[in-house]
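**Q** Keeping the supplied structure of chain A fixed, place chain B upon it in accordance with the hints.
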Amino acid sequence: VDLVALARLAALSPDDPATRGLEADVERILAFVASVQAATGSDEPERPDVRLAEDAPASAATDALAVAPGRKDGFVALPRLFQDAT
Amino acid sequence: VTPGATAIARDVRSGAVSARSVVESSLQHAESLHRRTNAFFTLDPRALDVAADLDRRRARGDALGPLAGVPVAVKDNLVVEGDPCTCGSRILAGYRGTYTATVVERLRAAGAVVIGRTNMDEFGMGSSTETCAHGPVRNPWDLGRVPGGSSGGSAAAVAGGAVPVALGSDTGGSIRLPASYTGLVGLKPSYGRVSRYGLVAYASSTDGVGPLTRDVADAALLLDVLSGLDPHDPTSRPSTPGAAAAVGRGVAGLRIGVLPELGAVDPDVRACFEAGLSALEAAGAVRVPVALPALDAAVATYYVLAPAEAAANLARFDGMRYGARVEGADVAETIRASRSAGFGAEVKRRILVGTYVSSAGYADAYYRSAQRARARLIAELKDALTRVDVVATPTAATVAFRLGERNDPLEMYATDRFTVPASLAGLPAISVPCGLSRGLPVGLHLFARDLDEATLLAAAAVVEAATGPLTPPPADAGYGGSSEAP
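So the sequences go chain by chain: A and B.
Sequence positions in the first sequence follow the working numbering and run 1 to 86.
Sequence positions in the second sequence follow the working numbering and run 87 to 572.
Okay, chain B solo, but in the shape it has when bound:
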């Protein structure tokens, strides 16, 4: 098993390994993994220089940060000054960031070394990372299967052993679903807990940035590094570090809300989920039935609101200021031609749906109805969370499915049914591995009260301890670094 971020940073700080050797190993494995999975959009050899500088600073006696020398991959929708950023879309071909996302700045300040950018569903619109303009990403556990989406490249990069941690973004489940499908921990922080400055917008009322990690301790470490007020992001909120301290605090007396009926769920997935719940109960948590009828409309609500916001947010990609342009007879024709050539089918579907549901004749029936359904859902979840501390479901109804298996958009949208409620309510949520089904990972999903990531991490740590480390993919050579002196 490859070392996690916590162990790497400790060893780099102590001089047991050099940052450069860790990053060099990471880049080598990333290149090999990419050939098998298409996880990366770019790999950045300049990371070696950054790592060497860390080693020089350590040799000088400088104090290094909590992520010293930790190789990190970031999703291709987080801008970095001077670096390409495509969001997995043809329309942003050739675009380079003109500033750096706050989360990347915070990673760097903590000593992390960004080694590359990961492939994703186009603009985050997908649950399988098959809509990426650079080709689909494959799951390191089974190369014939999807890694989940839309942060599938980040998930594959971590699960395949190229990096110990990666950043993803989550609008309706895009961190948690890939985490479930690839045996990782995926944390979607509370809305506003982590800055979105530099995250290319998809659906602004639910977009967020969070980590995909091999274990709960690393997720807590990343949350502490990433979270906090950012004057560049008016939706960001102050938060107190301390997530790492919550990991070992246990779950004695914790009230776990469980739905009386989960609907159609694969029997093996259900068995793994029950095993996770049993582990929590064995550690002192109490199972409490909760009825949440508003969940029934959550997917439909999400697929009104997210496309409506996407139609507005993606209007800026017009061939005028960003990315690729297709010349037309006049400005209007150039815009239409650029967008038609630049966007893939799923993005066009959502733009068309989003435009329709926010149009004058239909906004009451769709957009405003969905806002009312969302308000009802938020009230129901808030009320439930006065009676329980967390609500548990499987992260997904099945294990990772085969590439090309779900071609129907509605079938794909249903994949998100356990993850979209927390997104619509802005609540923190986590997916933690709870077992294997026919050799493929299964995730247990928890959401909690606003800003109560600590409870999620404590509960996830109990599930993790009971599940034990999942066997990594066979081709995982891992990154280890060497003990050579800097």
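One chain only, chain A, in its complex shape:
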């Protein structure tokens, strides 16, 4: 995980030692939740690209920071999220 890039995308300070200290935890959590791929037979990650996905839940902070090219507006994405979920 490129924690500096990830922290910037998440609108957290990449220089904050408390945030940097979470790198190992984040990697372990991602390794654990990767089991959903086996559960559904999906593919490996496409590429190491940490931009927000087209249909990711909207993020006001990333919008403010203008680091989320291609992000759809939240009022489009969230109803779709609910529809998928329910």
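Hints in this document: simulated from the structure, not taken from any laboratory.
Keep in mind that a hint or two might mislead.
[What the hints assert, rightly or not] Distance ranges between label pairs, derived from CB positions:
{"#": "1", "chain 1": "B", "residue 1": "360", "chain 2": "A", "residue 2": "31", "range": "30 to 40 Å"}
{"#": "2", "chain 1": "A", "residue 1": "18", "chain 2": "B", "residue 2": "552", "range": "47 to 57 Å"}
{"#": "3", "chain 1": "A", "residue 1": "2", "chain 2": "B", "residue 2": "557", "range": "48 to 58 Å"}
{"#": "4", "chain 1": "A", "residue 1": "24", "chain 2": "B", "residue 2": "462", "range": "24 to 34 Å"}
{"#": "5", "chain 1": "B", "residue 1": "450", "chain 2": "A", "residue 2": "28", "range": "17 to 27 Å"}
{"#": "6", "chain 1": "B", "residue 1": "229", "chain 2": "A", "residue 2": "35", "range": "28 to 38 Å"}
All residues carry an ideal CB built from backbone N, CA and C; glycine is no exception.
**A** Leaving out everything else, chain B in the frame of chain A:
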């Protein structure tokens, strides 16, 4: 044993006790309990005036509601106009609500008196109420142990005798787990049955509001008061009151789905769970084995989707419009500095994970895979619930653990393994006490078909009757009120 909401409301309506005396007693005990458990974020002495007004209305001959004079505590993620609301986070220090949550409005309309706000895991992210910025909450049954989370303050407030009922919120088990750890009934209603207008969002596709109570009858009473369509919440749904009537209807012929293998569960917890099942069978229910292989991926699925939604929902806390701000060199730096200073470690972990799993390069592998796993789980549960009426498991694999015992995030996430499936599927679920293990409460967990809370309540009432009242924590002085005239 302290009286429940049903008894208090009856006595206040009849004039046997004054609402003011009940609320005064509740506030006193809440203050004492708070010193031991850190259950409350705020206590509100204005509740005495509200209660006195109820007494005046009763004296005038006005009809009082089904929760007349009942002291209630609400979790600190439900906004109330003019009152502080922090969600257990430093980032919302100083924030005050600008409107009132529908559930609080409904409690008030029913005559309940809100006496305070309860501490919680930061933004609901935790299973122990140790991530609260105002300090951890302690379990009234054993002050060295956690009350469960994230609604641990609400659970401690009820279990410790400060209030008969409290509101919590449940995204992956945050009502049911604390109920299990503190010997209470915890009800997570069907997705959309109770309005979320005024509930600060964590993971919008599973968030819900529900009650923590001392008994099943009070849970049913609260559900009837809280549920129903709310024009402010587009996910809310109409529902017919009548939960209270279901409590005594029994379980003759009820089909209880039981997993062939529960995995690692403490032997004492397993014994209590079996005792609960036996009580249901003795009352006429039938045990039916159900295989649910999709449950194996439920925790991983939840810990992709919930952080992804949390990363989006918590983006609004940027130091610009809400709460604390740390000034930086420019706007972007101010936002980053405010969020880095304002959020605790667990919230940052989930924001980082949520951002990663919804990023362009990884969304297929994580977010969309998790949505597919969720769809598979929902289909499997829906199919199982055509063959059985409820599915039963323990609420948790162990009793309440010691403060600081589970420092590893993955170990903490595994605590939710019996509760997240119903959350992901939007199904109603309940935790009801089914015994004690080494002096600590054990919960039995049931989930049912969409909007079928009535069946859950009927089954829970049978387990409750067979288990009997659990011995309250030793320091529980309770709230009783007095018979002094208003």
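**Q** With reference to the structure, classify each hint as holding or not holding.
**A** Hints, one by one, checked against the model:
| no. | hint | in the structure |
| --- | --- | --- |
| 1 | 360(B) <-> 31(A): 30 to 40 Å | holds (35 Å) |
| 2 | 18(A) <-> 552(B): 47 to 57 Å | holds (49 Å) |
| 3 | 2(A) <-> 557(B): 48 to 58 Å | holds (54 Å) |
| 4 | 24(A) <-> 462(B): 24 to 34 Å | holds (31 Å) |
| 5 | 450(B) <-> 28(A): 17 to 27 Å | holds (21 Å) |
| 6 | 229(B) <-> 35(A): 28 to 38 Å | holds (37 Å) |
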